[in-house]
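Peer 1: Counted from 1, the sequence shown has number 119 at position 119 by the UniProt record's numbering; the numbering is strictly sequential.
Calculated from the structure, these hints are not laboratory results. One thing to keep in mind: the hints can contain errors.
[As the list claims (entries may be wrong)] Cut-off 35 Å, straight-line C-alpha distance, at most; resulting in silico cross-link-like pairs (DSBU-like, lysine-lysine):
no.: 1; residue 1: Lys156; residue 2: Lys143
no.: 2; residue 1: Lys22; residue 2: Lys122
no.: 3; residue 1: Lys78; residue 2: Lys132
no.: 4; residue 1: Lys59; residue 2: Lys22
no.: 5; residue 1: Lys41; residue 2: Lys15
[As the list claims (entries may be wrong)] So the derived label-pair ranges between C-beta atoms look like this:
no.: 6; residue 1: Ile27; residue 2: Gln159; range: 32 to 40 Å
no.: 7; residue 1: Ala52; residue 2: Ala118; range: 39 to 47 Å
no.: 8; residue 1: Gln103; residue 2: Lys59; range: 31 to 39 Å
Beta carbons are placed, not taken as given, at the ideal position from N, Cα and C, and that holds for glycine.
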Amino acid sequence: MATAVYPGSFDPVTKGHLDIIKRAAKINDHLIVAVLINSAKHPLFTVEERVAMLQECCKNISNVTVESFDGLTVEFAKKRHASVMVRGLRAVTDFENEIQLAQTNHALMPGIETMFLATSIKWSYLSSTIVKEAAYYGSDISKFVTPNVEKAVSEKYAQLREREEI
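I would like the entire structure built from these sequences, with the hints used as guidance.
Peer 2: Pasting the structure below:
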């Protein structure tokens with residue numbers, strides 16, 4: 001049984017991420033969406049919130065599970081007996097960084113192969129950063145994220161404004 005890991009920060013999860021998740025789930029027996037805990041970054045959402053949003057978004061995809069992790073992605077993949085690392089590519093500029101990461105991962109853990117999936121043209125411009133920027137300035141983000149994520153983003157910015165943190 002082939003298990004794949006799709007790692008990322010997913011802060012927040014976008015329809016572009018979900019496109020990659022659905023496509024990767026079709027070609028792997030089990031897909032683990034791995035939410036990175038990165039103490040060096042300051043995400044909008046806690047890891048628990050990001051996991052919960054992803055679980056809601058993926059609830060109808062039977063072979064997808066969502067977990068959080070910290071440390072090296074290849075170590076997480078090894079612990080989960082995964083043989084495939086899934087990475088999405090939006091543009092040529094992504095490829096340069098991703099190929100270097102894939103080669104490093106292969107050097108660290110030769111039994112794990114990286115599978116690159118080109119993002120659908122429909123979502124090639126989309127990133128979590130763009131979603132947060134648009135939401136921060138009050139734009140409609142419903143075309144970029146699912147309703148549960150749109151609600152969570154709206155509520156998060158309302159909380160931050162109320163506490164005068166933004």
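Peer 1: Starting from the hint 39 to 47 Å, judge whether the C-beta atoms of Ala52 and Ala118 obey it.
Peer 2: 28 Å, violated
Peer 1: Is it true that the C-beta distance of Ile27 to Gln159 lies inside 32 to 40 Å, as the hint says?
Peer 2: With a Cβ separation near 39 Å, Ile27 and Gln159 satisfy 32 to 40 Å, so the hint holds.
Peer 1: Does the alpha-carbon distance linking Lys78 and Lys132 stay inside the 35 Å limit?
Peer 2: 32 Å, holds
Peer 1: Please work out if Lys22 and Lys122 have their alpha carbons no farther apart than 35 Å.
Peer 2: Holds, because 15 Å separates the two Cα atoms, which is no more than 35 Å.
Peer 1: Quick check: does the Cβ-Cβ distance between Gln103 and Lys59 fall within 31 to 39 Å?
Peer 2: Between Gln103 and Lys59, where Cβ atoms are some 35 Å apart, the hint holds.
Peer 1: For Lys59 and Lys22, compute the direct alpha-carbon distance and say whether it is at most 35 Å.
Peer 2: 11 Å, holds
Peer 1: Would the hint linking Lys41 and Lys15 be met if the CA-CA limit is 35 Å?
Peer 2: Holds, at roughly 22 Å.
Peer 1: So if I understand the rule, the pair passes when the alpha-carbon distance is 35 Å or less; does Lys156 with Lys143 pass?
Peer 2: 18 Å, holds
In summary, the structure is inconsistent with hint 7 from the numbered list given earlier, while agreeing with all the others.
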